[in-house]
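J.: Sequence:
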Amino acid sequence: MIKVKLLLSIFLLPVLTGKAQEKANYDTLRRICQGPVFTLCEVMPYLTNGSDAYADTLMKYLKDRGKMPAPGKVTLRLSILATGEIRFVEVENSTITDTHELISAIDAISNQWTPGTQNKHLVCCYRRLYIEVTENNLMVTVPKRL
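Plus 3 on top of the position in the sequence shown (first one is 1) and you've got the numbering used here.
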């Protein structure tokens, strides 16, 4: 019985910790935004210069620092403030084992987003970002919906 409880706590701890962090991020966003955080709004946040330019900037940033991640795919959820600034970057799914450098690079070039709007007001939104890294290329896709 003790072994079962120990095994359950070992497997449940990361899940519960992740949910607690997600809740803390959401609470922080609601305080900063002084209102709801949208998953869908009239005009979703978008990349000012488009996905290709963003991918080029991201790749240049990583290569200049010698921090290109291993090939693979990653799905990120960005929390974008009404100023267009990225507040949180969460990894939803990844075949890349170490996404730390990629997230640091996204944070460093976070000024390339235009904020979302709802009823002609700038609002905080979530935005999903798909990134595929190959040996000598990086591709970024921003889906139409979260």
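By construction, these hints were calculated from the structure, which means they are not laboratory data.
Honestly, I wouldn't trust all of these hints.
List time: in silico DSS-like cross-link candidates among lysine-lysine, alpha-carbon distance up to 30 angstroms [as the list claims (entries may be wrong)]: (1) K147 <-> K66; (2) K147 <-> K76; (3) K63 <-> K76; (4) K63 <-> K147; (5) K76 <-> K22; (6) K26 <-> K123; (7) K76 <-> K66; (8) K147 <-> K22; (9) K63 <-> K26; (10) K147 <-> K26; (11) K66 <-> K26.
J.: Does each hint hold? Answer for all of them.
T.: Structure-based check of each hint:
1. At roughly 29 angstroms between alpha-carbon atoms, K147 and K66 fall within 30 angstroms of each other, so this suggested pair holds.
2. Distance check on the hinted pair: K147 and K76 sit about 19 angstroms apart at the alpha-carbon level, within 30 angstroms; holds.
3. A distance of roughly 18 angstroms separates the Cα atoms of K63 and K76; the hinted pair therefore holds under the 30 angstroms criterion.
4. Note on K63 and K147: the hinted pairing holds, with a Cα-Cα distance of about 26 angstroms set against a maximum of 30 angstroms.
5. Between the alpha carbons of K76 and K22 the distance comes to roughly 23 angstroms, so the proposed pair stays at or under 30 angstroms and holds.
6. In summary, the hint linking K26 to K123 is supported, as the alpha carbons are separated by about 28 angstroms, within the 30 angstroms threshold.
7. With a C-alpha separation of about 18 angstroms, the suggested pairing of K76 with K66 holds against the 30 angstroms cut-off.
8. A C-alpha spacing of about 26 angstroms is found between K147 and K22, which places the hinted pair at or below 30 angstroms, so the restraint holds.
9. As the CA atoms of K63 and K26 are separated by approximately 34 angstroms, the hinted pair breaks the 30 angstroms bound.
10. Restraint check for K147 and K26: the C-alpha separation of about 25 angstroms stays at or below 30 angstroms, so the hint holds.
11. A threshold of 30 angstroms between alpha carbons decides the hint, and for K66 with K26 the separation of about 34 angstroms lies outside it, so the pair is violated.
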